[in-house]
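Undergrad: The chain contents come next:
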Amino acid sequence: MPRRGRGVILLRRALARAFLQIGGAPGLHLMAALALALACFLAGGLGLFLANLEGNLLEKHGHAQFRIYWKPGADMAEVRRQWETIRAMPGVDELTGLTPEESLESLRSTMDEGYDFPRPAVATTLPPKALASFAVRGTDTSPARELLERLKALPGVERVRIAPAQLDVAQALRSLSAAALGPLAGALALAVALVAYLAARLCLEGRRAEVELMRLVGAKEWFVRLPWVVSAALTSVAGSLMGLAALAALRLVLAGRLYGPPLWIKLAPMPLEETAAIVALAACMSALGGLLAARR
Amino acid sequence: MPRRGRGVILLRRALARAFLQIGGAPGLHLMAALALALACFLAGGLGLFLANLEGNLLEKHGHAQFRIYWKPGADMAEVRRQWETIRAMPGVDELTGLTPEESLESLRSTMDEGYDFPRPAVATTLPPKALASFAVRGTDTSPARELLERLKALPGVERVRIAPAQLDVAQALRSLSAAALGPLAGALALAVALVAYLAARLCLEGRRAEVELMRLVGAKEWFVRLPWVVSAALTSVAGSLMGLAALAALRLVLAGRLYGPPLWIKLAPMPLEETAAIVALAACMSALGGLLAARR
Amino acid sequence: MISAVHLSHAFGGHKALQAVSFRVHKGEFAFLTGRSGAGKTTLLRILHGQLPLQAGKARIAGYDLASLRRGRLPLLRRDVAVVFQDFKILPDRTVAENVRLPLEVCGLPDGQIARRVDSVLAVLELERAANLPCAVLSGGEQQRVAIARAMVAGPKVILADEPTGNLDRDMALRLMDVFKQFHAHGVTILMATHNHDIVAATPQARVLNLEAGFLGQAGGACPAGGAA
Amino acid sequence: MISAVHLSHAFGGHKALQAVSFRVHKGEFAFLTGRSGAGKTTLLRILHGQLPLQAGKARIAGYDLASLRRGRLPLLRRDVAVVFQDFKILPDRTVAENVRLPLEVCGLPDGQIARRVDSVLAVLELERAANLPCAVLSGGEQQRVAIARAMVAGPKVILADEPTGNLDRDMALRLMDVFKQFHAHGVTILMATHNHDIVAATPQARVLNLEAGFLGQAGGACPAGGAA
Ligand SMILES: Nc1ncnc2c1ncn2[C@@H]1O[C@H](COP(=O)(O)OP(=O)(O)OP(=O)(O)O)[C@@H](O)[C@H]1O
Ligand SMILES: Nc1ncnc2c1ncn2[C@@H]1O[C@H](COP(=O)(O)OP(=O)(O)OP(=O)(O)O)[C@@H](O)[C@H]1O
Ligand SMILES: [Mg+2]
Ligand SMILES: [Mg+2]
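Chains as they are written, first to last, in the numbering used here: chain B, 1 to 296; chain W, 1 to 296; chain U, 1 to 228; chain X, 1 to 228.
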């Protein structure tokens with residue numbers, strides 16, 4: 001028998017052994033897969049929640065708003081030119097300019113339906129104004145403060161208000177989720193690893209004698225260990241896919257409920273790379289568990 | 001030797017065996033406890049989150065608001081008497097009446113600092129109004145609709161607006177959290193049970209021969225099983241306490257950050273009964289695992 | 001002390017015991033012989049309550065196996081000790097821990113346990129190994145641990161299944177002397193064995209010869225069969 | 001084929017082998033005798049690479065144990081088969097599965113495996129049990145499974161550790177005939193045993209007598225000692 005032919009037979013046999021191991025203790029492997037599925041479901045679920053929280057926070061709170069007021073009765077042509085200047089300033093995302101008439105209109109729209117102000121009397125007393133949105137990054141507020149000074153220095157500008165509460169909320173939520181994410185991610189990775197290791201150990205515990213015996217009758221080390229590595233990896237891939245599928249189904253159901261009147265919250269699916277990373281992590285941890293458990 | 005004395009010796013020995021089993025495989029028991037700690041940490045953490053979410057939702061969104069407008073220039077004495085009538089209606093939690101002057105004042109307060117309306121001109125055009133808050137329970141909206149009809153029928157009332165968006169948000173969030181809580185609680189209970197069972201099985205796998213042998217040399221069934229039940233329960237009590245302690249620590253840290261400017265979110269601790277329930281559940285599941293694993 | 005009437009046992013289709021009848025009196029010493037697979041271990045396992053009684057009747061040490069309730073099985077096993085053919089010792093426990101097990105589970109105080117274990121280890125020449133884990137013992141040493149464990153609690157009946165297979169002839173004969181001492185103190189002994197030397201060296205014993213599940217007569221002993 | 005020079009082995013403080021030297025030539029049949037605990041199993045385990053070489057030299061089937069790399073140990077074990085004193089069979093696998101294991105791990109095609117397994121089971125009178133799980137076998141049947149597994153791959157050397165302890169005399173002698181057939185085909189055999197009958201029935205074999213870790217000379221064989 002040529003050496004090559006035997007190698008192929010051995011490889012086939014090692015892989016067949018992996019499947020036989022699963023088939024030989026289907027309950028145990030199912031339980032292991034289920035445990036992993038649950039771990040992945042929980043890990044993925046928390047990750048999804050945090051990622052979406054972060055996303056929603058960024059959208060709603062990652063900006064500071066400046067309100068810039070000109071003197072009532074200022075020249076609107078001059079004011080419009082200054083709006084362009086502000087729009088070009090670094091860090092300014094968006095600028096909405098409002099003439100006194102537009103201010104009145106927006107004020108009226110916040111009033112109860114059917115009510116109207118005595119228009120000319122009010123309009124002439126309102127100042128032209130602009131709402132500038134400024135993106136806040138990190139916890140450093142000095143760029144925002146600088147911008148405030150620059151806006152105040154514009155000719156014709158009477159007052160500039162920064163919405164400080166909003167700025168603080170954004171920063172508080174950001175630092176909070178940053179603080180919570182680290183420990184949570186750590187705890188979850190540990191949980192997945194532990195479950196995978198426990199499951200692999202359990203699968204192996206009953207077969208230690210077989211592993212030992214195979215060595216005693218002349219099996220090469222790779223032939224002894226490969227089935228453990230493969231079956232552990234297969235079990236955990238199946239388990240993590242199950243968990244992530246359940247998570248995806250939950251997300252679909254929730255997304256349907258959340259993205260509709262009146263909440264309009266968008267629940268983004270987990271990115272494909274993250275899904276793949278979780279599956280790969282679970283497979284690697286389990287394969288490692290198999291490799292270690294089958295060691296001498 | 002009297003029968004009684006032997007019974008006491010046996011009981012002592014069975015308990016000693018429980019501790020010896022833990023001491024004999026400290027790594028395994030530590031790992032089992034850790035796995036349980038993580039499961040409890042995650043389960044408790046999600047429970048805590050959901051309970052607090054529910055609490056915050058109830059406080060902010062569990063109410064529908066009615067806006068009741070009288071005709072501009074209505075007799076304020078008559079209007080005030082009607083405010084009292086509404087306050088007494090069933091389901092009405094709170095009523096805030098606003099005279100035209102008060103309406104103008106509240107409008108002004110929403111305006112930018114430093115601006116003032118031309119007062120008499122505006123005030124005479126505003127209607128007296130009242131904001132009534134109505135507690136929404138469950139998903140049944142008919143009591144709210146009934147109330148709406150009763151309010152509309154009041155003499156002198158021109159229009160009644162219900163804030164439908166707000167009512168719907170409250171109900172959407174309630175039904176959402178109800179829908180999410182069930183599957184999540186189920187998944188977590190399953191996870192705890194699985195981890196406990198896996199750990200108990202693993203502890204036992206290496207000792208099956210001993211259990212069998214004890215029976216063969218004349219041990220009574222209770223003496224064979226008691227050590228397994230006790231050690232499994234001890235391990236899981238230790239584990240779940242560890243997990244809940246970690247959770248309590250996390251809550252303290254988070255609560256400090258959340259309940260302060262600018263968020264002022266209150267993070268209530270887990271109720272003592274729930275904590276006890278989780279510990280007891282984990283202990284029972286493990287004890288059951290021990291009992292089953294040591295069966296014939 | 002031990003009696004069987006028309007005892008039969010089948011595993012699936014394979015008849016391991018066929019209508020076996022015999023009687024071993026209190027204080028008697030009997031060998032159970034027969035070629036490999038004849039059903040010797042099966043018979044001993046039935047008598048120890050490890051296998052259910054399929055057909056026939058059996059009594060041992062005053063217990064009727066047909067009507068024995070589960071809860072009383074431990075009591076039977078305290079009176080009837082077995083030396084298992086495959087030893088059944090715990091490899092990760094020390095010799096002393098293995099030997100003390102039957103005393104521990106019946107609630108004997110620690111002091112008495114230690115004394116009894118020490119003396120039985122001395123008799124079986126295992127003192128040196130007392131605190132070694134059984135996994136490291138030689139085959140013969142492990143077999144002696146199994147014998148020590150069966151003897152330590154002072155049972156009324158000892159069922160020994162091939163207790164000398166891993167022992168050299170000198171050690172086997174020395175051990176037979178120990179069994180004979182127990183026998184002299186009134187213990188009933190039923191020993192399955194292949195070893196003709198020890199059968200020959202024990203003239204006071206009767207020989208029950210199992211052949212393919214049937215009980216023949218050998219060793220010039222009293223006729224087997226008949227109700228207990 | 002097998003040679004040992006001043007081989008010593010100690011477990012903790014206990015000296016199990018003390019400067020043992022001997023030589024078994026290619027195609028020779030040798031018995032290893034000695035009382036329980038003399039070190040027979042220890043010696044066989046060293047020769048099979050299960051215990052490290054602590055002191056002295058040893059060669060077997062062309063492999064020098066002192067300089068053997070880990071990766072080549074499987075090759076040694078394909079040439080040198082062992083009948084383990086405690087059988088080391090997998091109780092939840094069938095007889096056939098246990099016996100085919102050495103052929104499986106060396107990559108023999110399935111057809112050849114089936115043929116070889118069938119023939120070795122026939123030789124050892126185990127056909128009836130081929131598809132039974134080993135847990136249900138009698139002691140003697142299990143021992144024969146262990147022997148079948150050692151023989152099935154056609155090794156150059158067979159190290160047999162007490163292979164007849166659970167067999168009756170007839171079966172033991174029939175099995176010795178099988179060993180002798182292998183021997184006649186050029187296989188080198190080193191057999192640890194307590195059984196004087198089979199030693200007496202094998203006049204062509206040399207006897208190496210281990211006593212308390214020392215190798216004495218017995219059976220009128222060629223003098224032991226000397227480098228390989
Ligand atoms: N659970 C079982 N299922 C099927 N067959 C069994 C079972 N247990 C035992 N046997 C068979 O019953 C027969 C009798 O077995 P037993 O162990 O009683 O023999 P024995 O006389 O003790 O033999 P030995 O001297 O080899 O130990 C054997 O052929 C064995 O294979
Ligand atoms: N790992 C170990 N640690 C301590 N002592 C050991 C270890 N392995 C073996 N021994 C001791 O070494 C001695 C020799 O054991 P070995 O198994 O070689 O004897 P043997 O000649 O095969 O005896 P038997 O005929 O009873 O099988 C025994 O006393 C045994 O207790
Ligand atoms: Mg038997
Ligand atoms: Mg030995």
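Since the hints were derived computationally from the structure, they do not count as laboratory data. Heads up, some of the hints might be wrong.
Here are the simulated lysine to any residue pairs, SDA-like style, with alpha carbons at most 20 Å apart [to be verified]: (1) W:K220 / U:D110; (2) X:K88 / X:R78; (3) W:K220 / U:D64; (4) B:K220 / X:K15; (5) U:K88 / B:R207; (6) U:K88 / W:T99; (7) X:K15 / X:G71; (8) W:K220 / U:H185; (9) X:K88 / X:R115.
Label-pair ranges, simulated between beta-carbon atoms [as the list claims (entries may be wrong)]: (10) X:Q112 / U:A122: 28 to 36 Å; (11) U:L173 / X:N131: 36 to 44 Å; (12) W:G27 / U:L173: 27 to 35 Å; (13) B:T85 / W:E84: 55 to 63 Å; (14) W:A249 / X:N131: 24 to 32 Å; (15) B:A209 / X:Q54: 20 to 28 Å; (16) B:A16 / X:Q54: 51 to 59 Å.
Far from chain B, by Cβ distances over 12 Å, these chain X residues were calculated [claimed, not checked]: (17) H6; (18) H48; (19) G71; (20) L75; (21) F84; (22) I89; (23) R93; (24) L103; (25) G107; (26) P109; (27) N131; (28) V152; (29) F182.
Note that CB positions come from ideal geometry on N, CA and C, so glycine has one too.
Undergrad: Each hint should be assessed against the structure and marked as holding or not.
TA: Hint-by-hint comparison with the structure:
With a C-alpha separation of about 18 Å, the suggested pairing of K220 of chain W with D110 of chain U holds against the 20 Å cut-off. Between K88 of chain X and R78 of chain X the CA atoms are separated by roughly 17 Å; this keeps the pair inside 20 Å, and the hint holds. Proximity of K220 of chain W to D64 of chain U is assessed by CA-CA distance (about 19 Å); at most 20 Å being required, the pair is judged to hold. Among the hinted pairs, K220 of chain B with K15 of chain X is inconsistent with the structure: their alpha-carbon atoms are about 32 Å apart, more than 20 Å.
Proposed proximity of K88 of chain U and R207 of chain B is supported: the alpha carbons are some 19 Å apart, at most 20 Å. Between the alpha carbons of K88 of chain U and T99 of chain W the distance comes to roughly 94 Å, so the proposed pair goes past 20 Å and is violated. Restraint check: the Cα-Cα separation between K15 of chain X and G71 of chain X comes to about 29 Å, which exceeds 20 Å; the hinted pair is violated. Between K220 of chain W and H185 of chain U the alpha-carbon distance is near 28 Å, which puts this suggested pair outside the 20 Å criterion.
The straight-line distance between the Cα atoms of K88 of chain X and R115 of chain X is roughly 23 Å, outside the 20 Å bound, and the hint therefore fails. Checked against the given bound of 28 to 36 Å, the beta carbons of Q112 of chain X and A122 of chain U, roughly 55 Å apart, lie outside it. For L173 of chain U and N131 of chain X, the Cβ-Cβ distance of about 40 Å falls inside the hinted range of 36 to 44 Å, so the restraint holds. For the hinted restraint 27 to 35 Å between G27 of chain W and L173 of chain U, the CB-CB distance of approximately 47 Å leaves it violated.
For T85 of chain B and E84 of chain W, the Cβ-Cβ distance of about 56 Å falls inside the hinted range of 55 to 63 Å, so the restraint holds. The hinted range of 24 to 32 Å is not satisfied by A249 of chain W and N131 of chain X, whose Cβ atoms lie roughly 59 Å apart. Evaluation of the 20 to 28 Å hint for A209 of chain B and Q54 of chain X yields a pass: the beta carbon distance comes to about 26 Å. Separation of A16 of chain B from Q54 of chain X is about 40 Å and departs from the stated range, judged on CB atoms against 51 to 59 Å.
Taking the minimum C-beta to C-beta distance to chain B, about 26 Å, the non-interface status of H6 of chain X holds against the 12 Å cut. The beta carbon of H48 of chain X sits about 8 Å from the closest Cβ of chain B, which is not more than 12 Å, so the claim that it is off the interface is violated. Not every C-beta of chain B lies more than 12 Å from that of G71 of chain X, the closest at about 8 Å, which undercuts listing it as non-interface. Some Cβ of chain B comes within 12 Å of the Cβ of L75 of chain X; the nearest lies about 7 Å off, and the non-interface call is violated.
Interface exclusion of F84 of chain X from chain B breaks down, the closest Cβ pair being 8 Å apart, not more than 12 Å. Consistency note on I89 of chain X: stated as away from chain B, yet its beta-carbon is not over 12 Å from all of that chain's, at 8 Å minimum. With a cut of 12 Å on Cβ distances, R93 of chain X falls inside the contact zone with chain B, its closest approach being about 8 Å. L103 of chain X, annotated as away from the interface, has a beta carbon of chain B within 12 Å; the closest lies near 9 Å.
Look at G107 of chain X: its CB is around 3 Å from the nearest CB on chain B, not clear of 12 Å, so calling it non-interface is violated. Non-interface status of P109 of chain X relative to chain B is broken: a Cβ of that chain comes within 12 Å, the nearest being about 6 Å off. Non-interface call for N131 of chain X relative to chain B: holds, since the shortest CB-CB distance, roughly 16 Å, exceeds 12 Å. Listed as a non-interface residue, V152 of chain X fails to keep its Cβ farther than 12 Å from every Cβ of chain B; the least gap is roughly 10 Å.
At the 12 Å boundary, the C-beta of F182 of chain X stays outside the reach of chain B, the nearest C-beta of that chain being 17 Å off.
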